[in-house]
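S.K.: For reference, the chains in residue letters:
Protein chains: 2
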Amino acid sequence: MEVRHLELLRDLRDRGTLGAVAAATYRTPSALSQQLRTAEKELGVKLVEPASRGLRLTWAGEILADGADDVLTALSRVQARLDEGTGMPAGTVRIGTLPSAGAALIPGLLTRLRESLIRIELDDFDLAESDYAARTADADIVIAHSLIADVPLGAEHLASRVLLREPIDVIVPAGHRLASRAELTPQDVVGEPWVTVPRGYPFATIHERIEAATGRPLDRVVEVRDNRLVESLVEQGHGIGLLPRYSTPASVTYRLVPLTGVQATRAIVALARPDHAARRAVQAVVEGLVDVGRDLGRAPRSESNLKASTLG
Amino acid sequence: MEVRHLELLRDLRDRGTLGAVAAATYRTPSALSQQLRTAEKELGVKLVEPASRGLRLTWAGEILADGADDVLTALSRVQARLDEGTGMPAGTVRIGTLPSAGAALIPGLLTRLRESLIRIELDDFDLAESDYAARTADADIVIAHSLIADVPLGAEHLASRVLLREPIDVIVPAGHRLASRAELTPQDVVGEPWVTVPRGYPFATIHERIEAATGRPLDRVVEVRDNRLVESLVEQGHGIGLLPRYSTPASVTYRLVPLTGVQATRAIVALARPDHAARRAVQAVVEGLVDVGRDLGRAPRSESNLKASTLG
DNA sequence: ACCTCCATGTAGGCAACCTACATGCTTAAC
DNA sequence: GTTAAGCATGTAGGTTGCCTACATGGAGGT
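Heads up: the sequence lines are chains A and B, in that order. Just so we're aligned, residue 130 is where the first sequence starts under this note's numbering, counting upward by one. Just so we're aligned, residue 130 is where the second sequence starts under this note's numbering, counting upward by one.
If you are wondering where the hints come from, they were derived from the structure by calculation, not from laboratory data. Incorrect hints may appear among the rest.
[Unchecked claim] On the chain A side, residues computed to face chain B include the following (Cβ under 10 angstroms):
1) Val-132
2) Leu-172
3) Asp-195
4) Val-200
5) Ser-205
[To be verified] To list a few chain A residues with every Cβ distance to chain B over 10 angstroms, as calculated:
6) Tyr-155
7) Asp-260
8) Glu-364
For glycine and all other residues, C-beta sits at the position ideal for the given N, C-alpha and C.
Hey, can you work out the whole structure from these sequences and the hints?
M.R.: Written as structure tokens, this is what we have:
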């Protein structure tokens, strides 16, 4: 039973095809195919079977793929204990993040890590909630979010840590009749024209909750994914929308008004594969993110912040 | 961080010298020395340092040796889960045992395993209590004993399972004046000539307890290790001795009389390294041993057993 | 019917691990 | 003080085994 084989099975489970694994590990599919066959010969069990165009793991392959998590985590823990003896945590940590949360968290993180030996590699992507988990194959830490629970869909087997619970506010243009309200109910907003996101995307759940609470469909003027796009569309008077409170820059051209009556918060969560999570540098970065998140939650932007950020 | 290197460090910790590890793994010391150097280069830490004639692990080496236990145990667990899918536990299980307990337990074990696919390889050795633990490097299961606690000295990091609590009786010749007694106290026996074991050996603890309870030294006629030798010396009238109840064959030429007033039992324990203990076949064998031990403790030999065994 | 994607097979290069043998150091024995 | 034994280390060379390059064949999608 060799670790190389376990790792291969796990990667195959996570990435789906030999080609994808080959690309990720800088090898050719041929090499992996040969490894699979030697593993099968050594263990005396079939590990994969053809399935349409590609491969599927057999029950034995699944067992080994699951086992890989345990073994590689144990290995990472040893490395972590070793690193504790040699000094400060060091190395490169790859972070993948949803853009809005990244904008809110990453600058503060880099400030906190300035004195450390840790280097950050950043990637960002805007995905459906359930697709973030898969990115832990490529990144050490994935900053994801969940509209429903504290752990995103598909992240059940990953190490996860809540960084921040962020209210989702209603964004209205500065001069709008609702702009002066302290808070808004679904009844207040259901009749307005809406700038929404496509189904499955971040805040679609809340759009649905508003519709469920009022029994009326929203008037969807346009569907976009990018939060900055929502901002400018709302600014220009094309409708109202939903945006996360802490990761939306303050502005004089629109206002964020809290939404009550439906559950409208998201959990910003750091996800990591257990073996990555065991690395000392990764743990340090997660702690840094937790710190930044705590500060954001404690000191939401005030009016003075607003002036500073729009004028400065 | 490669498993091969972790394993090497662990073996080196357990066996002491490169030569011993080389012999156990069918390689040359040179190969191991090279492996050590590549591991050090790869990790950037010194793992061993010269110490008199041989080597000593550095703190980093100790960390890796400990880590090897975790990683190899995780690997064995994967193998065990895989085996559960393929059928009955199978393979060779190496048992090392102290002779007396082996005599009592192994025959019953082999009977129980007759229908299984498990093959047993047997080794036996008579050691001081604290030396049994080290034998788990060579055997999957070591049957050891402890006069003091339920886990033998030096076996703290091993998987252990109590098989049997066995009274240590006083053996007296058939015609002896104490032979008809139902039980004996330290006062009863302290004045007799004794066939004892050397210091550090199995029952020396009990000899010391008798001396402590009475305040008088024992009259040690002769010191021997082997229980069969004790038997025949007592038989021939050279003194009385101590022998374990279940592993001493019944006979008409001597009698075993319970000793009271001092703690006089030993725990027969199965020891295994965690990674070996995770193997399915090893677990099956341990369960078999527990069964045999339970039966022995439940049905100690009666008079009819005695006749059968001496006559049959 | 064509093209694409995926896995598999073969031949050969290259790196890594091991053996054989020689050397140097340390401790114990004579 | 010299010798011998035990242990680790270094060098050279052979073998194994992992990977790449390239070719083949099957399964879907257009």
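S.K.: Could you run down the list of hints and mark each one as holding or not?
M.R.: Right, here's what the structure says about each hint:
{"no.": "1", "hint": "Val-132", "verdict": "6 angstroms, holds"}
{"no.": "2", "hint": "Leu-172", "verdict": "7 angstroms, holds"}
{"no.": "3", "hint": "Asp-195", "verdict": "8 angstroms, holds"}
{"no.": "4", "hint": "Val-200", "verdict": "5 angstroms, holds"}
{"no.": "5", "hint": "Ser-205", "verdict": "8 angstroms, holds"}
{"no.": "6", "hint": "Tyr-155", "verdict": "19 angstroms, holds"}
{"no.": "7", "hint": "Asp-260", "verdict": "28 angstroms, holds"}
{"no.": "8", "hint": "Glu-364", "verdict": "53 angstroms, holds"}
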